[in-house]
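A.B. asks: Chains as they are written, first to last, in the UniProt record's numbering: chain P, 1 to 161; chain B, 1 to 110.
No wet-lab data here; the hints were simulated from the structure. For clarity, every value in this text was computed on a predicted model and none was experimentally measured. Heads up, some of the hints might be wrong.
Stated by the list, open to error - DEER-style ranges, computed between Cβ atoms:
hint : chain 1 : residue 1 : chain 2 : residue 2 : range
1    : P       : E9        : B       : E12       : 50 to 60 angstroms
2    : P       : A36       : B       : G51       : 22 to 32 angstroms
3    : P       : D76       : B       : N73       : 48 to 58 angstroms
Stated by the list, open to error - Partial list, derived from the structure: chain B residues whose beta carbon lies under 8 angstroms from chain P:
hint : residue
4    : E21
5    : D23
6    : A24
7    : Y25
8    : I52
9    : Y54
10   : T58
11   : R85
12   : I89
13   : I92
14   : T93
15   : E102
16   : S103
Glycine residues also receive a C-beta, built at the ideal position from the N, C-alpha and C atoms.
Residues per chain are reported as follows:
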Amino acid sequence: MRTASDYIEMKVPAKPDYVGVVRLTISGLANRMGFAFDEIEDIKIAVSEAVTNVVNHAYSDTEEKGQVRIGCNIFDDRMEITVVDQGKSFDVESISKNLGPVDGKSVDQLHEGGLGLFLIDTLMDKVEISSEAGVVVMMTKYLHRDEVEEHVDRISPAPSQ
Amino acid sequence: MNLQINQEQINETYELNLTGEVDAYTAPKLKEVMLPLTEKEGNIVIVNLSGIEYMDSTGLGIFVGALKSSKANNSSLKLRGMTERVKRIFEITGLTEVMDIESGVKGEAL
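Put together the whole structure using the sequences plus the hints.
C.D. replies: What follows is the structure, given as structure tokens:
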């Protein structure tokens, strides 16, 4: 298997206005790679959740809005998306403990937020989160080539150098 | 990348027809329209989602907020016309168990 990949990077202001732009761009790339319709929808949601988290949490209201960086590595067999902010990091462990569907909770116990990371985790094949200086969410979706007709105009991997 | 909200009212029944996308950018608009309707006792709020092409957890959060408000204020909230995609994220997150969701064929529930 070739390890060479194409890399695409975007940097947008951490504002709600740009979440959809990022989503559409990633959707276009996933489409090019030959992902199935449902998989593309999963990727769109996961990326939007990660970017929305940055928009909502990473920068406090008082300080000027920062930037969010979205990197996308395109491999033969998978897409790796990294969402990075330089805002304050959060306690990943305590948040991970609270991840999960709303099973068995009463309406009073539900809260409006908190489903984003759970959705990322459910919709993508592999998710890694680190929070040393700011938060980095790295998520991977594998291309199940056997089940998908290969696109004739698929992006060819970058020549190795 | 936008959300259109079309509101119809017959007595205390309000029907919201949504078209487009519900994400971090458009969700505040939905909240602004839907939440006040759930705050009046006796109101019946029906949200038709058949025109929704995309929704993520920000949208789910708005519906959770509206559900809580309807319980607190003795109004009711009903969702209908979900596409398979939208239904899926309600199912994954377990919200199908707590929300009043009218099953039916996409877009033909009227």
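A.B. asks: For each hint, tell me whether it holds in the structure or not.
C.D. replies: Okay, the hints, checked on the actual structure:
Distance hint for E9 (chain P) and E12 (chain B): a CB-CB separation of about 52 angstroms, consistent with the stated range 50 to 60 angstroms. In this structure the hint that A36 (chain P) and G51 (chain B) lie 22 to 32 angstroms apart at CB holds, the actual value being about 23 angstroms. For D76 (chain P) paired with N73 (chain B), a C-beta distance near 55 angstroms keeps the hint of 48 to 58 angstroms intact. Residue-level restraint check for E21 (chain B) holds (minimum Cβ-Cβ distance to chain P is 7 angstroms; threshold 8 angstroms).
Residue-level restraint check for D23 (chain B) holds (minimum Cβ-Cβ distance to chain P is 5 angstroms; threshold 8 angstroms). Residue-level restraint check for A24 (chain B) holds (minimum Cβ-Cβ distance to chain P is 4 angstroms; threshold 8 angstroms). Hint on Y25 (chain B) holds. Least Cβ distance to chain P is approximately 4 angstroms, under the 8 angstroms limit. Taking 8 angstroms as the C-beta cut-off, the interface hint given for I52 (chain B) is violated, the closest approach to chain P being about 12 angstroms.
The beta carbon of Y54 (chain B) is positioned within 8 angstroms of a beta carbon in chain P (closest approach about 7 angstroms), and the interface hint is therefore held. For T58 (chain B), the shortest C-beta to C-beta distance to chain P is roughly 6 angstroms, which falls under 8 angstroms, so the interface hint holds. The interface hint given for R85 (chain B) is met, as the beta carbon of that residue sits about 6 angstroms from the closest beta carbon of chain P, less than 8 angstroms. Checking I89 (chain B) against chain P: minimum C-beta separation of about 7 angstroms stays under 8 angstroms; hint holds.
For I92 (chain B), the interface hint holds, the least distance from its beta-carbon to any beta-carbon of chain P being 6 angstroms, beneath 8 angstroms. The interface hint given for T93 (chain B) holds, since its Cβ lies 5 angstroms from the closest Cβ of chain P, which is under the 8 angstroms cut-off. Given the 8 angstroms rule on beta carbons, the hint for E102 (chain B) is violated: about 18 angstroms separates it from the nearest Cβ of chain P. Violation of the interface hint for S103 (chain B) is found here, the shortest Cβ-Cβ separation to chain P being roughly 19 angstroms, above the 8 angstroms cut-off.
Checked against the numbered hints given earlier, the structure breaks hints 8, 15, 16 and satisfies all the rest.
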